[in-house]
Structure formats: C-alpha cells, structure tokens
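Quick mapping for you: the protein sequence lines, in order, are chains A and B. Following our numbering, the numbering of the first sequence begins with 2 at its first residue and continues without gaps. Following our numbering, the numbering of the second sequence begins with 6 at its first residue and continues without gaps.
Rather than coming from a laboratory, the hints here were simulated on the basis of the structure. Any given hint could be a false lead.
As the list claims (entries may be wrong) - Distance condition first, Cα-Cα at most 30 angstroms in a straight line; then the derived BS3-like pairs of lysine-lysine: (1) A:12 <-> A:79; (2) B:6 <-> A:15; (3) B:113 <-> B:47; (4) B:103 <-> A:79; (5) B:47 <-> A:58; (6) B:6 <-> B:103; (7) B:47 <-> B:6; (8) B:103 <-> B:73; (9) A:58 <-> B:6; (10) A:58 <-> B:73; (11) B:73 <-> B:113; (12) A:12 <-> A:58; (13) A:15 <-> A:79; (14) B:103 <-> B:47; (15) B:73 <-> A:12; (16) A:15 <-> A:58; (17) A:79 <-> B:6; (18) B:103 <-> A:58; (19) A:58 <-> A:79; (20) B:47 <-> A:79; (21) B:6 <-> B:73; (22) B:103 <-> A:12.
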Amino acid sequence: GAGVSQSPRYKVAKRGQDVALRCDPISGHVSLFWYQQALGQGPEFLTYFQNEAQLDKSGLPSDRFFAERPEGSVSTLKIQRTQQEDSAVYLCASSLGFTAGGAETQYFGPGTRLLVL
Amino acid sequence: KQEVTQIPAALSVPEGENLVLNCSFTDSAIYNLQWFRQDPGKGLTSLLLIQSSQREQTSGRLNASLDKSSGRSTLYIAASQPGDSATYLCAGSSGTYKYIFGTGTRLKVLA
Chain A
2 GAGVSQSPRY
12 KVAKRGQDVA
22 LRCDPISGHV
32 SLFWYQQALG
42 QGPEFLTYFQ
52 NEAQLDKSGL
62 PSDRFFAERP
72 EGSVSTLKIQ
82 RTQQEDSAVY
92 LCASSLGFTA
102 GGAETQYFGP
112 GTRLLVL
Chain B
6 KQEVTQIPAA
16 LSVPEGENLV
26 LNCSFTDSAI
36 YNLQWFRQDP
46 GKGLTSLLLI
56 QSSQREQTSG
66 RLNASLDKSS
76 GRSTLYIAAS
86 QPGDSATYLC
96 AGSSGTYKYI
106 FGTGTRLKVL
116 A
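With the rest of the complex left out, here is chain B (with noise of 0.2 angstroms):
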C-alpha cells in the first residue's frame, strides 16, 4: 500500500528564509504528483502539478521537483513571506486519477 512521508511535520522560520519542504512514497512509482496547500478551515488549493513527462515545476517563488528514482519530492520556496503560512500537502497517483496524500507540513511564517 502506497504511504507518504512529507518532513517536516512542522516548521516555524523568521520571513525571508528560504525554505525546502520534503516528501516521501514508498512506491516510488509516481506518475503525477501535486503539491497543494490547505489553510485553516478551508479546501486544498493546488500549487503546482508534475505530469509524467516533467521533473518539476515552478510558479513564482514556488519550485517543485520529483525525482523517480527515488520516489521524492521536494517543494521549495523562496523568500518566504507571512502570507506563505499554511499546511503544504503533497500527493501522488500511479498513472490514475487517483492521488495518495501525505499527512502535510505545517508552515509558519513570522513577520
């Protein structure tokens, strides 16, 4: 069964740090993979999208990149602001609509 680590649980970082959000699968048979961000109360917005033909992905600040291989993911965001603050969730299908979730990193950004 697919399982997803994302590390870390949680992180707190003064504005402006540049920042490196981690995700695991344990079958490292990805074919898409999104990363989305949750705030308090409210849906998941998606952030950005890695179609099978892709290593990553950037909009913005925001750069998202998938290694196969290896079955990892890594979102980074630059120049991390207040607004930033969120859980960032990650989630990846095997070639079907699919998507396994992992469990999220909570994000906190201070002014």
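Same shape as in the complex, but just chain A (with noise of 0.2 angstroms):
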C-alpha cells in the first residue's frame, strides 16, 4: 500500500474489556514499531518486530498488553482488560529494515484514538 494504516481509528472500551488494535505496515517494511502517545506527550516504544520475530517488548507497561506479527506483515496489538491509563493514542509504523544501527526513516500510520471508559 501507499503508507502504513491502522485500524479501527477510534475505540472506545468500556474498563475490564479486551481491544486488539490492527498494524497494515508498507508492504516489504521488515521492521514494524509500536508506540503509545498520550495526550501533550511524544510518542513512546513499546515494541519491536523484525519480520514475525518480536525483538524487544520492553516498552510495553504491563502483561495486559500483547502484539504479534505472525506471518512478518500485518500486526496486532491487544490489550487486556482495559484499564483507564490505557487511553492514549496508539502509534505503528515500519521501515525497511536494513539499515544497521536505526538509521532509517520510520512511517507512521494515522494512530488508533483509544478511549477506556
């Protein structure tokens, strides 16, 4: 596709439900990032895959939150049990992956907006 897109766009959860947010990365992207940018603040890491493979999760704030990328190209990011904290907005993007050392551009999708109620 022509740019990275996420969906759905906005959620709203009612607390204690589970989301699973989708990642479609720019097709051929190896790396893929996810982020989570709350209100006023710059976006913050949560995870990182190389094609299926998770490399890091250290960003992710708790066992509740979850992502895969099974076959090295869409990904999905799931919470469980939503708590209120978790309303921010939720930031994938991809980039080649062949630049050692973090040296490439990264493209960011639009976000997922989610409200926990």
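Hints given; two lone chains; assemble the complex.
What follows is the structure, encoded as structure tokens:
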C-alpha cells in the first residue's frame, strides 16, 4: 500500500474489555514498531518486530499488553482487561529494516485513538 | 534514563519569519536523530534524519543540525508559512532502533 494503515481509527472500550488494534505496514518493510502517545506527550516505544520475530517488548506497560506479527506483515496489538490509564493514541510505524544502527526513516500510521471509560 | 526536552513548548509567529526549534538530550550519546511533524489527529511525518556520520541535513526550507558533544539539535525553518503549523517532534536513538521522543513544539504560523 501507499502508507501505513491502522484500524480502527477510534475505539471506545469499557473498563475491563479486551481490545485489538491492527497495523498494516508498508509492503516489504521488515521492521515494525508500536508506540503509545498520551495526550500532550511524545510517542513512547512499546515493542519492535523484525519480520515475525518480536525482538524487543521492553516498552509494554504490563502483561495485559500483547503484540504479534505472525506472518511478518500485519501486526496486532492486544490489550486485555483495559484500564482507564490505557487511554492514548497507539501508533504503528514501519521501516525497511535493512540498515544497521537504526538509521532509517520510520513511516507512521495515523494511529488508533483508544478511550477507556 | 534518556530524557528529551524541546524548547519552546509552543510558538506563534507571523508568516515569513525564520524559526529555530531546539531539542536537547540528557545523555549526549545520540547516534541517530529524526525530526518529525505531527498534524492534529494524524500520525507522524518524518522530515529529516541525521545519521551517525552526519552533522546536519537539509530539505527545502528545513535544516536540522546535531551537536553530538552536547546532545543538542536544532531545526531551522526558513520563511515560515501557515502550512507549517503543526507539532514538531525530535527523536534520538543511541545506535539501535529505539527512538526516544521529545514532547514537541506546537507551532502556529499566522497568515
């Protein structure tokens, strides 16, 4: 596709519900990232995939957060038993993944705005 | 823990002015640095990437520089236009894929 797409764009969940957020990266991009952006803040790293391998999940706030990319393309971020503090914009980004040392442009999707009531 | 400060937090200027946005890292060991713009309700758009062997990058009216000794970066916007109105974010990495973001500078250019 032309860019990174995410769905849904908006999600309202009741506290305790499970949610699943989808990311479609740019075709052929090896690297995929998830970020969480709270209101008025910069994005914070959650997790990183290289193809289907989740190489870093150090930014996931708790074990309620789970991400997968089973076929190395589409990724899903799942949040179980949502809490109000999970309300944020969840951004997905992808990059080519061929340059060592992180020196690659990351292309971001429009984000999913999650509101937990 | 790496922290990133962006100054000013907000800026409102008349059209045509030249602007300087600042970004500083508590740990000066920045390997790569990116500047992004974010429009309301949208994702981030990469503007400039300064790689480890570089000190500055230019694209059109934008110029970004990185002083690795001090951990400071500057984004220069020449001849600002109303279409430049957005939030500008800097992000640095210490040699890996993991970027640490600042909180951004909200820019408004008045026609």
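*Of the hints stated earlier, which fail here?*
2, 15
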